[in-house]
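Sequences and hints are given; from them, build the entire structure.
Protein chains: 2
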Amino acid sequence: MPSGEFDFIRWVRDRTAADPRVLVGPGDDCAVLTPTRRPTFVTTDVLTDGVDFRLAEVGGWAVGRKAMAANVSDIAAMAGSPTAAVVGVVLPNAGNSRQLAEGLYAGLREVADAFDFPIVGGDTNTWSDGLVVSVTLLGEATGRGPVTRGGAKPGDWVFVTGPCGGSILGRHLSPTPRVREALALHVTVELHAMIDVSDGLAADLSHILEESRCGAVVLADAVPVHPDAITLSQRTGKRPLEHALGDGEDFELVFTVSASDGERLLRERPVPGLAKIGECVESGLWLDEGGARRPLAPTGWVHPV
Amino acid sequence: MPSGEFDFIRWVRDRTAADPRVLVGPGDDCAVLTPTRRPTFVTTDVLTDGVDFRLAEVGGWAVGRKAMAANVSDIAAMAGSPTAAVVGVVLPNAGNSRQLAEGLYAGLREVADAFDFPIVGGDTNTWSDGLVVSVTLLGEATGRGPVTRGGAKPGDWVFVTGPCGGSILGRHLSPTPRVREALALHVTVELHAMIDVSDGLAADLSHILEESRCGAVVLADAVPVHPDAITLSQRTGKRPLEHALGDGEDFELVFTVSASDGERLLRERPVPGLAKIGECVESGLWLDEGGARRPLAPTGWVHPV
Chain A
1 MPSGEFDFIR
11 WVRDRTAADP
21 RVLVGPGDDC
31 AVLTPTRRPT
41 FVTTDVLTDG
51 VDFRLAEVGG
61 WAVGRKAMAA
71 NVSDIAAMAG
81 SPTAAVVGVV
91 LPNAGNSRQL
101 AEGLYAGLRE
111 VADAFDFPIV
121 GGDTNTWSDG
131 LVVSVTLLGE
141 ATGRGPVTRG
151 GAKPGDWVFV
161 TGPCGGSILG
171 RHLSPTPRVR
181 EALALHVTVE
191 LHAMIDVSDG
201 LAADLSHILE
211 ESRCGAVVLA
221 DAVPVHPDAI
231 TLSQRTGKRP
241 LEHALGDGED
251 FELVFTVSAS
261 DGERLLRERP
271 VPGLAKIGEC
281 VESGLWLDEG
291 GARRPLAPTG
301 WVHPV
Chain B
1 MPSGEFDFIR
11 WVRDRTAADP
21 RVLVGPGDDC
31 AVLTPTRRPT
41 FVTTDVLTDG
51 VDFRLAEVGG
61 WAVGRKAMAA
71 NVSDIAAMAG
81 SPTAAVVGVV
91 LPNAGNSRQL
101 AEGLYAGLRE
111 VADAFDFPIV
121 GGDTNTWSDG
131 LVVSVTLLGE
141 ATGRGPVTRG
151 GAKPGDWVFV
161 TGPCGGSILG
171 RHLSPTPRVR
181 EALALHVTVE
191 LHAMIDVSDG
201 LAADLSHILE
211 ESRCGAVVLA
221 DAVPVHPDAI
231 TLSQRTGKRP
241 LEHALGDGED
251 FELVFTVSAS
261 DGERLLRERP
271 VPGLAKIGEC
281 VESGLWLDEG
291 GARRPLAPTG
301 WVHPV
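Protein chains in written order, with my numbering: chain A, 1 to 305; chain B, 1 to 305.
Please note: incorrect hints may appear among the correct ones.
[What the hints assert, rightly or not] Some chain B residues judged to face chain A by a derived CB distance under 7 Å, without partners named:
id : residue
1  : Cys30
2  : Pro39
3  : Thr44
4  : Asp129
5  : Ser134
6  : Thr142
7  : Gly143
8  : Arg144
9  : Pro146
10 : Leu183
11 : Glu242
In case anyone wonders, no lab produced these hints; they're calculated from the structure. C-beta atoms are modelled at their ideal positions from N, C-alpha and C, and glycine is treated no differently.
What follows is the structure in structure tokens.
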């Protein structure tokens, strides 16, 4: 830390020094956390200017929010609760780096507060290139254990927690990670496999199928299409359905359960917005439209009739 | 992950899939670790091209080694053992990114293997700017608990685990984190305060003094000066002592113990290379040279007589 430079991380840790979940003060080499009774989740995401966001257009606050929310969503996808975050930041030395750092922190902290976990430390650096934000998040499994991508079975029903598509119009910057939804589902039914929609609904479902070694048929009429997907389709000429299946960063959860648990979910609706979008089969990824079954690419591209 | 791009993190996790300390497979949203019985350390470092290394001069392997070793050193500084790492990498899209990623991984893995912990996951990105490597490392305290920077007392003796200065001549790229030394000291004596030398011997000692709210006198003749500090002094015109006190990234440990524990360390020498360099006093940071006491700046600059 060259003298005179804003010590972002010290400033961050000073703000969590009074948190009883953090055992030692902000001046130490590591944060120290209390022992865990349950399996610990670790996830990390690196976001870069020009790839995951455009700093000049959206500002530090939105970048901080997105960086933290993307990690929280990964914990949600395994049915866990976030417990503590560390943040690595590389600030561009062009511009007001103190103002940028404070905006970033406000965004990071807003998501941390919403899910009630501390930011316990981090590292900062300054250079002549673009902004990089790296968040590592720890989490804890519930007593029912982690939900992986690998437990889907033929005959399972496939669900999604909300409408997809067109997040690039702005929703990708302020996702609501589905932590509460995942926990509510986890106590209600036996979740066989789960993932959050970061690459795209079809792509992320195909990640489940790959790990579970089975296939799925998606019902075109059952896919909840976000209004943004319709707006975007007027610009791109693609069908709204293709945006719902192919666009990324919706941060809804896709999961599979047994048919009987699926019926229970439709009856009890423990989570608003839940939609059954298909069923698992032996192999392949298919779209059923009006009874005709065609291959569905993980990119969301629908094979023409 | 755009298709066709080398999935560095998937490749990394495939390599640790068989590790029994990692509970779920490489295809999931988070790594899952077994519960801990003791406090968990979390530390993170972000290294950037042109600031922490020059990629064109040193290559990916050295960068990976340094990034991992710097984090291991932070765990050592609190007398803990590293348990699991995650890695975030932003690769420049100029050049052979696959080759760079494999070199990086070899360096990261070499240090992880030396200290027997798995690399459990991470994230990767590609852009038109420079290389960024972000490592987050988890660790575990021993039964004797964490050693912080805040426990030094007037009358304590100040020790360092080895010679300092001139690391910029190359040693800064391949530090040997003092994990085993810290654990050996921790079982032998009561460590009051400890830190690793990353900013510089005087600067890091001053971090201890700040957290402990006391001072220290360093004995000029007792400071172990690395041969690199002598070589460098011939180039810079500074005294070798000033390089030993002021240069950073030696990754030796500086710590304080009671006088009786200090005598025991000098008698039993549980760690080779150990040197008593001074004693704690009520306030200030001082250099004693031939009986004359002068202010010592945290930068290592010695106040003229």
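Quick rundown of the hints versus the structure:
1. For Cys30 (chain B), the suggested interface contact is upheld, since its CB lies about 4 Å from the closest CB of chain A, less than 7 Å.
2. The interface hint given for Pro39 (chain B) is met, as the beta carbon of that residue sits about 5 Å from the closest beta carbon of chain A, less than 7 Å.
3. This hint holds: Thr44 (chain B) has a C-beta 4 Å from the nearest C-beta of chain A, less than the 7 Å allowed.
4. Of the supplied interface hints, the one on Asp129 (chain B) holds, with its beta-carbon coming within about 4 Å of a beta-carbon of chain A, less than 7 Å.
5. Against a cut-off of 7 Å between C-beta atoms, the interface hint on Ser134 (chain B) holds, since the closest Cβ of chain A lies about 4 Å away.
6. Hint status for Thr142 (chain B): violated, given a least beta-carbon distance of 13 Å to chain A, over 7 Å.
7. Look at Gly143 (chain B): its Cβ only gets to about 12 Å from chain A, farther than 7 Å, so that hint breaks.
8. Evaluation of the Arg144 (chain B) hint against chain A yields a violated restraint, the C-beta minimum of about 13 Å exceeding 7 Å.
9. Among the interface hints, the one on Pro146 (chain B) holds; its C-beta lies about 5 Å from the nearest C-beta in chain A, closer than the 7 Å criterion.
10. The beta carbon of Leu183 (chain B) is not positioned within 7 Å of any beta carbon in chain A (closest approach about 15 Å), and the interface hint is therefore violated.
11. Given hint, Glu242 (chain B) at the interface with chain A, is violated; its Cβ is 17 Å from that chain's nearest Cβ, farther than 7 Å.
Hint check: violations occur at hints 6, 7, 8, 10 and 11; the rest are consistent with the structure.
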